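Residue numbers (my numbering), protein chains in the order written: chain A, 185 to 469; chain B, 147 to 255; chain C, 37 to 325.
Hints may be right or wrong, so weigh each one.
The following residues of chain A were derived to be distant from chain B, with all beta-carbon distances above 12 Å [as the list claims (entries may be wrong)]: (1) Ser-305; (2) Asp-408; (3) Ile-429; (4) Phe-434; (5) Gln-443; (6) Trp-464.
Calculated lysine-lysine pairs in the DSSO-like style (CA-CA distance at most 30 Å, straight line) [said to hold, decoys possible]: (7) B:Lys-226 x C:Lys-121; (8) B:Lys-226 x B:Lys-180; (9) B:Lys-241 x A:Lys-334; (10) A:Lys-387 x A:Lys-234; (11) B:Lys-183 x A:Lys-335; (12) A:Lys-186 x A:Lys-446.
Hint data in this document are derived by calculation from the structure and do not stem from the laboratory.
Only a predicted model underlies this, so the values are computations on that prediction, with no experimental measurement involved.
Built from N, CA and C at the ideal position, the CB exists for glycine as well.
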Amino acid sequence: MKQLVILSGKGGTGKTTLSAAFSKLAANHIIADCDVDAADLFILLKPNVKKELPFYGGKKATINNDACSQCGLCAEVCRFEAIKDLSVDEVLCEGCGFCYRVCPDNAIDFEKVISGNLYDSTTNDDIKFLHAKLFPGEGNSGKLVTEIKKKASEFFLHNGERNKWFIVDGPPGIGCPVNASLTGADIALLITEPTLSGLHDLKRIILLIQSFHIPAVVVINKYDLNANIAKEIEEYIRSVHIPLIGKIPFDEKVVYALQQEKSILEYPESKAAQEIITVWNSLQL
Amino acid sequence: MKIAITSTGQSTDSFVSEIFGRCSYFIVFDDQTKNTKAIVNSAENMEHGAGPKAAQIIINDDVKVVLTGAVGGNAEEVLKKAGIKIITGLKSSMKITEAVDYYFANKQE
Amino acid sequence: MIISIASGKGGTGKTTIAVSLALSLQHSVYVDCDVEEPNGHILLKPNISSQRYVTKKFPKIDLVKCTFCGKCSEFCEFNAIVVLKSDVMIIESLCHGCGVCSYFCPEHAIEEIEKNTGVIRKGNVQSGAIDFIDGVLNIGETHGAQLIRHVKKEIIPDQINIIDAPPGTSCSMVAAVKDSDFCILVTESTPFGLNDLELAVQVVRSLGIPFTVIINKYDETFMALDMYCQTENIPVLLKIPFDRTIAEYYSQGIPLIDALPRFKETFRHVFDNIQAILQMHELGVTKQR
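Chain A on its own, in the form it takes in the complex:
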């Protein structure tokens, strides 16, 4: 079983569209949406949720005003400006426990809080689909991404070598959830766009992936929007020994398909669909 993680650095380059297309093409596989911040894959995969599990994120401190003697020591030690007027700001609280440990009145509760849900589902093609959603405003945590991967692991345990691919739709950026989505990855597919921003962000994610020692491949989406920058991208990735395995042309059908909540593959005449199939086939090698 190979774990394929789809990342980009920059948001909006087409990770989710590609993940959904791969899910249609792959025979034996499971798929996970690890973009827990703005989870969209479910829109295309139309899951039947089999299990909904609450997700406990980090700990947060709360002040019990009845026990509090208002000494203010908590606010003094808090490095994150999370305590004002003897009340903890849930969003600013980083869960370090300093206030909880110094409070002379034991007036602070320090507990794990539910910050989202994890869903164990199957797609309309009966494929195992793991996804999650963080409550808005919650801390982006690698833990939820790792939980998703663990559930996938448990599934593989019982279904063994029947599954060839574990496809992971990754988050944008280079932060903690991206790190978590890369753990255990066998190959990272970076989908980028021929814009200066796309190239800039691609370089940053490549640096991160190199530090993980994970083999990477690149696909340029909407490549004909700017042939010059597409070429620049090709030259750059060649210089860092990362292969280019696809150039998907800009195709209005892609947006159209998305608006119908359908996979682009349902429009086989689409040039984008054809290239995606070529990319998938080259991954099988």
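Fit chains B and C to the known structure of chain A by using the hints.
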């Protein structure tokens, strides 16, 4: 010398857990006393830093070799610094007993 | 005044909108808070005149005083400390710089030093018409929110500050958008755009910040989006139809207003509308009193 294997359960009949930091248990086998024991991995449900915390657990138990599926970057750094040998690539279809046998059959002195 | 530009979904055009707004005004301050992947500098091409490193506190263990008791490791909520037989490891990317280990070490063996997490750059665009500020997070650093808070301290009080927020709805976005006077949520005419807009609306409402929507890559045939905004009574200040040439200009790093000057007027109107909405809000508050 003790070896630890990341496990989904407490017995040697349990299956290997593939992710080092997030396994449910460590099964520790002592090749001198031939005893095995299970240690709960309290890092399993931690929000961040499960890898390093899990590493701390096996360091505290004087383990010299760890067998698992994959180890994340942070945990790898810690284990290396502590001089613990890391063997990766174990699959979740393998049982703990098989992993132990595999180690002793393949280890080089 | 502080106007933040945010979006649930990445790639909808936050930076395009933020930069356009900044360029349409006589004077503004552009503040790029997308510290993981800052792109404003690509469009604005600022003259960077100063930069300063941002640091977080980081523990340093005195191995002579240390008895390897392990208390620091026990107390660390982020599992950033591992105590070995005769050494202590601190895992940089996990450390939040909270100070707990140093405070509670029984041997006082932990001092705190400063470790670099990123950089804040300042400069100007078009010889001063726009003051430029951005934050760039070091690769491998996982906490953008802290750097974002530092970047926002550079806001210039009596100017029109335009904050380009990171995509998504997590704590980084909240850190960027918090305490702004107004928020523009940028979306696109797709189901992804709509789904993520709904999430972003939840966050902005919970923060109590007045907001409107701008629909980029607008397609009138995707009616669900317009209907959502109507049902929720969310004013849509601008709809930019999908236009391949706009995408092509963006790809070259050319700001919309430079490529298509008619948009300068358009964005000036957007700003005027925002001011009008804010004034109405103020009046509303006064009336309630």
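- prompt: What hint numbers does the structure not satisfy?
  reply: Checked against the structure, the only hint that fails is number 10, while the rest are satisfied.
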